[in-house]
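Participant: What follows is each chain in one-letter form.
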Amino acid sequence: MAKLTLDDLRKLRDEKQKAMNMRDPENKSAQIIVGMGTCGIAAGAKETFNTIIEELTARDISNVLVRQTGCMGFCHSEPTVEVIVEGMPAVIYGNVDTELARKIINRHVISRKLIDNHICDKPAMDIIR
Amino acid sequence: MAYKQYILVCGGTACESNRGIALVDALKKEVEENGLINDVQIVRTGCLGFCEKGPIVKILPEDTFYVEVRPEDASEIIQEHIIKGRVVSRLLYDNAQSKGNVAIDGIDFYQKQFRIVLRNCGVIDPDKIDEYIARDGYKGLERVLFEMQPEDVIEELKISGLRGRGGAGFPTGVKWSFAAAQPDGQKYMVCNADEGDPGAYMDRSTLEGDPHSILEAMAIAGYAIGASKGFIYIRAEYPLAIDRLENAIAQATDYGLLGENILGSGFSFTIELRLGAGAFVCGEETALLASIEGKRGMPAPRPPFPAVKGLWGRPTVINNVETLANVPVIMLKGANWFNKIGTATTKGTKVFALTGKVNNSGLIEVPMGTTLREIIFDIGGGIKNGKEFKAAQTGGPSGGMIPPKFLDTPIDYESLTKIGSIMGSGGLIVMDEDDCIPDVAKFYLDFTVDESCGKCAPCRIGGRKLLNYLTKICDGKGTAEDIQNMKDISEAMCRASLCGLGQTASNPVTSSLRYFMDEYIEHIDDKKCRAGKCKNLLRYIIDPHKCVGCTACARVCPVQAIQGERKQAHVIDQELCIKCGQCFEVCKFQAVSRS
Numbered sequence: 007m008a009k010l011t012l013d014d015l016r017k018l019r020d021e022k023q024k025a026m027n028m029r030d031p032e033n034k035s036a037q038i039i040v041g042m043g044t045c046g047i048a049a050g051a052k053e054t055f056n057t058i059i060e061e062l063t064a065r066d067i068s069n070v071l072v073r074q075t076g077c078m079g080f081c082h083s084e085p086t087v088e089v090i091v092e093g094m095p096a097v098i099y100g101n102v103d104t105e106l107a108r109k110i111i112n113r114h115v116i117s118r119k120l121i122d123n124h125i126c127d128k129p130a131m132d133i134i135r
Numbered sequence: 006m007a008y009k010q011y012i013l014v015c016g017g018t019a020c021e022s023n024r025g026i027a028l029v030d031a032l033k034k035e036v037e038e039n040g041l042i043n044d045v046q047i048v049r050t051g052c053l054g055f056c057e058k059g060p061i062v063k064i065l066p067e068d069t070f071y072v073e074v075r076p077e078d079a080s081e082i083i084q085e086h087i088i089k090g091r092v093v094s095r096l097l098y099d100n101a102q103s104k105g106n107v108a109i110d111g112i113d114f115y116q117k118q119f120r121i122v123l124r125n126c127g128v129i130d131p132d133k134i135d136e137y138i139a140r141d142g143y144k145g146l147e148r149v150l151f152e153m154q155p156e157d158v159i160e161e162l163k164i165s166g167l168r169g170r171g172g173a174g175f176p177t178g179v180k181w182s183f184a185a186a187q188p189d190g191q192k193y194m195v196c197n198a199d200e201g202d203p204g205a206y207m208d209r210s211t212l213e214g215d216p217h218s219i220l221e222a223m224a225i226a227g228y229a230i231g232a233s234k235g236f237i238y239i240r241a242e243y244p245l246a247i248d249r250l251e252n253a254i255a256q257a258t259d260y261g262l263l264g265e266n267i268l269g270s271g272f273s274f275t276i277e278l279r280l281g282a283g284a285f286v287c288g289e290e291t292a293l294l295a296s297i298e299g300k301r302g303m304p305a306p307r308p309p310f311p312a313v314k315g316l317w318g319r320p321t322v323i324n325n326v327e328t329l330a331n332v333p334v335i336m337l338k339g340a341n342w343f344n345k346i347g348t349a350t351t352k353g354t355k356v357f358a359l360t361g362k363v364n365n366s367g368l369i370e371v372p373m374g375t376t377l378r379e380i381i382f383d384i385g386g387g388i389k390n391g392k393e394f395k396a397a398q399t400g401g402p403s404g405g406m407i408p409p410k411f412l413d414t415p416i417d418y419e420s421l422t423k424i425g426s427i428m429g430s431g432g433l434i435v436m437d438e439d440d441c442i443p444d445v446a447k448f449y450l451d452f453t454v455d456e457s458c459g460k461c462a463p464c465r466i467g468g469r470k471l472l473n474y475l476t477k478i479c480d481g482k483g484t485a486e487d488i489q490n491m492k493d494i495s496e497a498m499c500r501a502s503l504c505g506l507g508q509t510a511s512n513p514v515t516s517s518l519r520y521f522m523d524e525y526i527e528h529i530d531d532k533k534c535r536a537g538k539c540k541n542l543l544r545y546i547i548d549p550h551k552c553v554g555c556t557a558c559a560r561v562c563p564v565q566a567i568q569g570e571r572k573q574a575h576v577i578d579q580e581l582c583i584k585c586g587q588c589f590e591v592c593k594f595q596a597v598s599r600s
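So the sequences go chain by chain: F and S. Note that this note's numbering numbers the first sequence so that position 43 is 49, with each residue one more than the last. Note that this note's numbering numbers the second sequence so that position 338 is 343, with each residue one more than the last.
These are computed hints drawn from the structure, not numbers from a lab. Nothing here was measured: the structure is a model prediction, and the numbers come from that model. Careful, some of the hints might be misleading.
Facing chain F, according to a computed beta carbon distance under 7 Å, are these residues of chain S, among others [as the list claims (entries may be wrong)]:
#, residue
1, N43
2, Q46
3, R49
4, I64
5, P66
6, Q118
7, C126
8, P131
9, I138
10, D141
11, E213
12, Y260
13, G269
14, F272
C-beta atoms are modelled at their ideal positions from N, C-alpha and C, and glycine is treated no differently.
Kindly produce the complete structure, drawing on both the sequences and the hints.
Facilitator: Given below as structure tokens:
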């Protein structure tokens with residue numbers, strides 16, 4: 007792509023900001039974000055990530071965006087997964103093995119219920135937003 | 006169907022044992038009786054921290070945080086908060102006591118953490134530059150290039166009070182000004198990502214989670230000091246961080262945020278990676294520069310400082326990853342936003358890798374001035390298995406052991422130095438009653454002796470001698486004289502070593518002698534290790550009255566040191582016993598004792 011000018015950068019930022027602030031980026035009604043730092047991957051985040059994709063495909067759910075991110079800081083509970091469903095508070099789950107990953111799809115995304123015993127607290131307020 | 010509200014009840018061990026389960030039942034009953042079953046979901050969570058203030062209740066989506074909630078409070082929470090929408094203020098967490106507390110924009114919040122460095126970690130996709138840009142990424146660079154002169158940038162940084170997070174705490178703005186003051190010509194900007202302390206992974210996580218923040222900071226630094234070239238020196242053992250950095254550099258170059266004439270400003274800056282082979286000493290800046298030049302990584306005497314004579318003899322600024330991650334935010338939000346966070350001498354936040362005998366180990370970021378107690382007990386959820394806190398080690402092998410009496414010391418560079426430790430790069434290892442202090446000191450010395458480059462005698466010989474004395478003490482062969490010798494050697498190493506590695510290597514010894522002398526004396530005089538860690542001081546004995554002759558111990562003993570007939574009391578042959586402790590673990594009748 008061509009090099010950005012100052013105006014291009016500002017325009018790009020505005021556009022992306024709007025897209026990120028929307029709860030439905032890319033016209034999806036939910037986002038599942040998997041922590042994929044070395045720590046998460048060592049604890050099985052890749053398997054978790056793949057299971058989420060498989061489960062969504064198997065159930066023919068196309069309105070969920072699955073993303074990766076860095077370490078969320080919960081080393082004691084890796085792998086960690088954040089789930090943002092429209093109309094529900096964003097929640098971080100810890101110790102998400104493949105079984106819990108399926109449960110997240112079935113219970114949280116489809117039945118819109120939070121799952122017991124795995125929620126971690128957001129560690130800090132966001133200084134950017 | 007969708008719930009309107011969610012009541013989260015902490016399901017951590019401490020909360021549950023504090024009538025947390027009864028609280029869940031009481032809340033469920035209230036919800037049912039008030040016909041709210043389709044509006045409110047009661048959810049048990051993992052440990053939310055703040056265990057001493059448990060049980061914790063959190064209500065979403067409004068994010069209300071209640072502490073010390075009893076089953077009797079369930080009715081009020083439902084009646085007032087859920088039905089009438091009025092916060093039950095007597096149950097709110099009072100954060101006013103927290104020394105490191107910051108209220109940003111007047112909003113008080115219960116969290117002990119405050120994330121500047123980790124602002125994007127766990128939020129953005131590190132492989133997507135657009136997500137970084139959307140979260141005000143490269144806006145600091147934009148401001149710097151088009152609204153500020155290089156000297157303004159340095160002045161802003163000086164006002165912010167940012168100090169080096171690699172451990173030494175040198176003011177970053179001052180460091181930049183030294184290099185900027187050198188005559189024009191080739192200058193270099195280097196990022197030190199050679200994180201090597203055992204138990205430390207702050208920099209790795211930052212690079213993996215938010216690589217662009219480092220690139221942006223380096224470009225800002227390059228503009229400020231007049232450097233057109235940057236190097237990131239990162240250890241080869243961090244393959245994922247390297248991947249993400251390479252990808253980030255390619256994306257930023259593609260967008261023209263690195264390279265020639267950035268955003269049409271006329272400023273050009275490029276970044277290359279240099280991989281280290283995992284030598285601890287290469288984290289020392291002169292050794293790091295030697296390694297980038299392709300030479301053996303050994304420190305050189307300073308002065309001349311790298312800011313005057315660094316890479317290939319040219320002025321060079323070296324900053325640690327965490328230091329740099331603060332820079333874009335300072336340029337974006339201003340020095341006067343940043344310098345309101347922290348203590349009088351130390352501004353901003355610190356990232357710690359919290360590990361050891363703590364329930365919620367993790368990567369945390371707290372305002373300077375937060376106490377160890379808040380970190381270990383509120384964020385870390387206390388000591389594992391309800392054991393007693395014995396010590397915390399900050400600064401890895403270069404730091405000191407901090408005893409319980411300093412748990413309430415607000416953390417900053419000066420206060421940690423005063424109590425015999427250092428800030429260090431951010432490893433924070435928690436020890437409990439099962440850890441043996443001389444044994445831990447031995448572990449750290451073992452590491453530094455292994456990693457000493459051998460160039461200067463105080464470090465090379467002194468470290469080895471210290472390790473020998475510690476080994477002797479842990480083996481039960483120590484003498485009172487050894488203690489004095491250790492003190493003398495530590496002092497000499499600290500004063501005479503060439504670089505930071507040797508100068509600080511004796512810190513674990515000095516600090517532990519200062520605060521835990523009784524444990525050393527026990528090892529020397531009583532030949533006793535209270536933690537049961539030092540094998541040569543242990544004896545496993547079978548109590549003939551308790552032993553039922555089940556043969557379980559005899560079967561697991563790897564050296565056949567346990568003799569005895571079936572259904573008869575067994576005996577351990579002390580000559581053969583290797584103190585592996587397996588008999589102790591396997592005995593169901595508490596017949597094996599350890600002393």
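Participant: Checking each numbered hint in turn, tell me which of them this model violates, lowest number first.
Facilitator: 1, 4 and 14
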